[in-house]
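There are 2 protein chains.
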Amino acid sequence: MRIAVLGTGMVGQSLGRRLVETGHEVRMGSRSAGGEKALAFVAEAGEGASEGTFADAAAWGEVVVNATGGLVSLEALAAAGEENLAGKVLLDISNPLDFSEGFPPKVVQPDGRSLGEQIQSAFPEARVVKTLNTMNADVMVHPRQLSGPHSVFVAGDDADAKAVARDVLVGFGWEADEVVDAGGIAAARGLELYLPLWLSLMGSFGTPSFNVAVVRAG
Amino acid sequence: MRIAVLGTGMVGQSLGRRLVETGHEVRMGSRSAGGEKALAFVAEAGEGASEGTFADAAAWGEVVVNATGGLVSLEALAAAGEENLAGKVLLDISNPLDFSEGFPPKVVQPDGRSLGEQIQSAFPEARVVKTLNTMNADVMVHPRQLSGPHSVFVAGDDADAKAVARDVLVGFGWEADEVVDAGGIAAARGLELYLPLWLSLMGSFGTPSFNVAVVRAG
Numbered sequence: 002m003r004i005a006v007l008g009t010g011m012v013g014q015s016l017g018r019r020l021v022e023t024g025h026e027v028r029m030g031s032r033s034a035g036g037e038k039a040l041a042f043v044a045e046a047g048e049g050a051s052e053g054t055f056a057d058a059a060a061w062g063e064v065v066v067n068a069t070g071g072l073v074s075l076e077a078l079a080a081a082g083e084e085n086l087a088g089k090v091l092l093d094i095s096n097p098l099d100f101s102e103g104f105p106p107k108v109v110q111p112d113g114r115s116l117g118e119q120i121q122s123a124f125p126e127a128r129v130v131k132t133l134n135t136m137n138a139d140v141m142v143h144p145r146q147l148s149g150p151h152s153v154f155v156a157g158d159d160a161d162a163k164a165v166a167r168d169v170l171v172g173f174g175w176e177a178d179e180v181v182d183a184g185g186i187a188a189a190r191g192l193e194l195y196l197p198l199w200l201s202l203m204g205s206f207g208t209p210s211f212n213v214a215v216v217r218a219g
Numbered sequence: 002m003r004i005a006v007l008g009t010g011m012v013g014q015s016l017g018r019r020l021v022e023t024g025h026e027v028r029m030g031s032r033s034a035g036g037e038k039a040l041a042f043v044a045e046a047g048e049g050a051s052e053g054t055f056a057d058a059a060a061w062g063e064v065v066v067n068a069t070g071g072l073v074s075l076e077a078l079a080a081a082g083e084e085n086l087a088g089k090v091l092l093d094i095s096n097p098l099d100f101s102e103g104f105p106p107k108v109v110q111p112d113g114r115s116l117g118e119q120i121q122s123a124f125p126e127a128r129v130v131k132t133l134n135t136m137n138a139d140v141m142v143h144p145r146q147l148s149g150p151h152s153v154f155v156a157g158d159d160a161d162a163k164a165v166a167r168d169v170l171v172g173f174g175w176e177a178d179e180v181v182d183a184g185g186i187a188a189a190r191g192l193e194l195y196l197p198l199w200l201s202l203m204g205s206f207g208t209p210s211f212n213v214a215v216v217r218a219g
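Each protein sequence line maps, in turn, to chains Z and X. First residue of the first sequence: 2, per the numbering used here; consecutive thereafter. First residue of the second sequence: 2, per the numbering used here; consecutive thereafter.
Keep in mind that a hint or two might mislead.
[As the list claims (entries may be wrong)] Okay, the calculated bits of chain Z under chain X, using three or more residues with CB under 8 Å as the criterion:
#	segment
1	102-108
2	136-148
3	172-185
4	196-202
5	213-219
By construction, these hints were calculated from the structure, which means they are not laboratory data. All C-beta atoms in this analysis are idealised placements derived from N, C-alpha and C, irrespective of residue type, glycine included.
Generate coordinates for the entire structure from the input sequences, incorporating the hints supplied.
If you want it as structure tokens, here you go:
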């Protein structure tokens with residue numbers, strides 16, 4: 002598929018490279034085309050990789066990934082353009098974390114509304130799926146590095162969009178039964194509020210190479 | 002050990018019965034001694050079970066469990082008496098959830114401070130361990146009902162107190178390596194903020210009989 006990855010940070014780079022590796026065409030979107038990080042991505046990822054503005058990338062993509070920082074995502078998506086997101090699967094993998102008062106950061110959810118829900122409200126014709134925000138970028142795209150089965154959540158109001166997300170994840174090496182449906186986009190609230198626990202565990206373990214697995218009744 | 006269980010709700014009842022079953026003496030504490038739920042507990046749990054006021058139970062216990070509702074815990078512990086908690090291991094298994102505006106509830110953390118941290122601040126001589134709040138009451142005390150290994154977190158500033166918590170948990174059937182140290186009491190923040198995800202998953206699965214397992218690098 003043609004997948005637009007909005008955001009040139011570590012998560013966008015890691016995801017973009019892996020998407021190209023797993024057979025997709027990827028256009029990385031950023032505020033201005035031709036930036037250093039975007040060009041480095043194109044050079045490293047090789048054939049199938051391109052870059053442009055948020056709007057260029059979103060208009061071109063069949064699927065759009067929001068890998069921008071959670072505190073600027075609404076602005077970045079506005080720059081991408083509502084018309085370029087309409088009807089498309091929008092994978093929101095961002096976390097609205099405010100580190101301005103130090104560690105641990107605060108999860109920013111005005112009136113208890115998650116960023117995933119705010120994005121769905123602001124772009125009602127996009128088919129938003131919150132996913133992958135609950136783990137380290139390298140675990141997202143190389144899930145088999147852990148010692149056993151673990152879980153990646155999907156939350157969204159559109160079942161077909163969640164199926165598209167699942168296909169992309171399976172391409173990364175996730176088993177289909179590791180993709181856990183957490184419910185509608187309202188479940189993004191819990192997925193974002195999980196981050197403080199993840200950060201505590203990272204501190205306790207001294208590594209970000211871990212995840213959680215859902216375990217059900219025997 | 003002599004374990005005081007403060008709170009006569011479902012969690013207190015389930016935990017109290019299982020503590021008696023696993024060899025402890027248990028005194029259930031409530032606002033007034035001789036209430037219906039506390040007497041029912043004593044009758045059901047049998048030898049080793051008693052009941053009294055919050056203060057009676059806390060004074061008698063070597064370990065104190067806060068199984069009161071999270072929104073009234075500070076008040077209940079004040080009634081238990083700072084002097085009766087001093088030096089003791091205080092297992093805080095409560096969740097500060099406000100359902101007054103419907104579902105999903107809000108996690109109440111004034112200025113980002115968890116209930117576990119507030120309890121530790123209010124009772125500085127108690128040795129607070131946040132644990133067991135991340136799952137259903139029956140899974141807490143019968144962990145082997147799930148299909149594989151899963152995790153129970155402990156967070157607190159006192160390593161010896163966390164070791165006491167681990168012993169109690171192992172008594173319930175948890176494996177020692179399923180008890181995951183999430184860090185100091187500040188990690189209670191993430192443990193409490195995990196509840197919205199737990200509630201979404203319960204809604205999605207249609208059952209509270211599940212938990213998460215931490216999976217680390219292979």
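Consistency of the hints with the structure:
1. Using a Cβ-Cβ cut-off of 8 Å, 3 residues of the segment 102-108 of chain Z lie near chain X, which meets the minimum of three, so the contact claim holds.
2. Counting residues of the segment 136-148 of chain Z whose beta-carbon sits less than 8 Å from any beta-carbon of chain X gives 3, enough to reach three: the coverage restraint holds.
3. Here's how the segment 172-185 of chain Z fares: 4 of its residues keep a CB closer than 8 Å to some CB of chain X, so the rule of at least three is met and the hint holds.
4. Counting residues of the segment 196-202 of chain Z whose CB falls under 8 Å from any CB of chain X gives 7; the rule of at least 3 is met.
5. Using a Cβ-Cβ cut-off of 8 Å, 7 residues of the segment 213-219 of chain Z lie near chain X, which meets the minimum of three, so the contact claim holds.
Of the numbered hints stated above, none is contradicted by the structure.
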